Amino acid sequence: MIPTLTTDRLHLRGPDARDWPGFLDYFTSERSQFTGGPLEPRPAWVLFAAEIGHWAIHGFGMWSVTRKEDDTAIGLIGCWYPEGWPEKEIGWLLWPRAEGQGYAYEAATAVRAHVYNTLRWSTAVSYIAPGNIRSIALAERLGARLDPSATKPKPDTLVYRHPPLRRSRHD
Numbered sequence: 019m020i021p022t023l024t025t026d027r028l029h030l031r032g033p034d035a036r037d038w039p040g041f042l043d044y045f046t047s048e049r050s051q052f053t054g055g056p057l058e059p060r061p062a063w064v065l066f067a068a069e070i071g072h073w074a075i076h077g078f079g080m081w082s083v084t085r086k087e088d089d090t091a092i093g094l095i096g097c098w099y100p101e102g103w104p105e106k107e108i109g110w111l112l113w114p115r116a117e118g119q120g121y122a123y124e125a126a127t128a129v130r131a132h133v134y135n136t137l138r139w140s141t142a143v144s145y146i147a148p149g150n151i152r153s154i155a156l157a158e159r160l161g162a163r164l165d166p167s168a169t170k171p172k173p174d175t176l177v178y179r180h181p182p183l184r185r186s187r188h189d
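The sequence shown begins at 19 in the working numbering and counts up by one.
Be a bit skeptical, because a hint or two may be false.
Computed Cβ-Cβ distance ranges for the label pairs, DEER-style [claimed, not checked]:
#1 Leu42 / Pro182: 29 to 39 Å
#2 Arg163 / Pro100: 18 to 28 Å
#3 Ser140 / Asp88: 28 to 38 Å
#4 Pro182 / Glu87: 28 to 38 Å
#5 Asp88 / Pro182: 30 to 40 Å
#6 Arg138 / Pro166: 18 to 28 Å
#7 Glu87 / Pro173: 41 to 51 Å
#8 Ile75 / Leu42: 20 to 30 Å
#9 Arg138 / Asp43: 27 to 37 Å
#10 Pro171 / Gly71: 17 to 27 Å
#11 Trp38 / Gly161: 27 to 37 Å
#12 Asp88 / Asp174: 13 to 23 Å
#13 Ala35 / Ile75: 13 to 23 Å
Just so you know, these hints were derived from the structure itself, not from any lab.
From a predicted model like this one, the values you see are computed outputs, not experimental measurements.
Ideal Cβ positions, reconstructed from N, Cα and C, are used throughout, including at glycine.
Make the full structure from the sequences, and use the hints.
Here you go:
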């Protein structure tokens, strides 16, 4: 079962078929240039199915991010570790209509707490394309720092390492 995460303004739930239209719009647009797109609809569908299947394979994955007042997805934020990836990643995709409102930071903060406190990851990275200024800014706002010595999934990828959360002595 996919856990639900809740923040002040957001619900993070498992992705499902109702999220496909927003995913398709994002991945067939130029906005997806830093995250593997733009794609034709068929490869976008395969990637969408992989997002859902990732949960079954690993027990973690990307959550659909929805505002509390409705259940329409505004993006995907969560954990990503496909075959061949050097390390487990905290990643984010936010639909353009939801950008600039602090949603990505709010959701990514909840995901980071989940991976360190619940999944007990010892480290997490975000893989970012060099020109993706918004993602770089978000990673840095989250406290992640560029790790030039980390193994990269592609030669030109920037690797931002997220600091572990402080745990109490009782954890």
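Right, here's what the structure says about each hint:
| no. | hint | result |
| --- | --- | --- |
| 1 | Leu42 / Pro182: 29 to 39 Å | holds (36 Å) |
| 2 | Arg163 / Pro100: 18 to 28 Å | holds (24 Å) |
| 3 | Ser140 / Asp88: 28 to 38 Å | holds (37 Å) |
| 4 | Pro182 / Glu87: 28 to 38 Å | holds (33 Å) |
| 5 | Asp88 / Pro182: 30 to 40 Å | holds (34 Å) |
| 6 | Arg138 / Pro166: 18 to 28 Å | holds (27 Å) |
| 7 | Glu87 / Pro173: 41 to 51 Å | holds (43 Å) |
| 8 | Ile75 / Leu42: 20 to 30 Å | holds (23 Å) |
| 9 | Arg138 / Asp43: 27 to 37 Å | holds (36 Å) |
| 10 | Pro171 / Gly71: 17 to 27 Å | holds (19 Å) |
| 11 | Trp38 / Gly161: 27 to 37 Å | holds (33 Å) |
| 12 | Asp88 / Asp174: 13 to 23 Å | violated (38 Å) |
| 13 | Ala35 / Ile75: 13 to 23 Å | holds (19 Å) |
Hint violations for this structure: number 12 only, all remaining hints satisfied.
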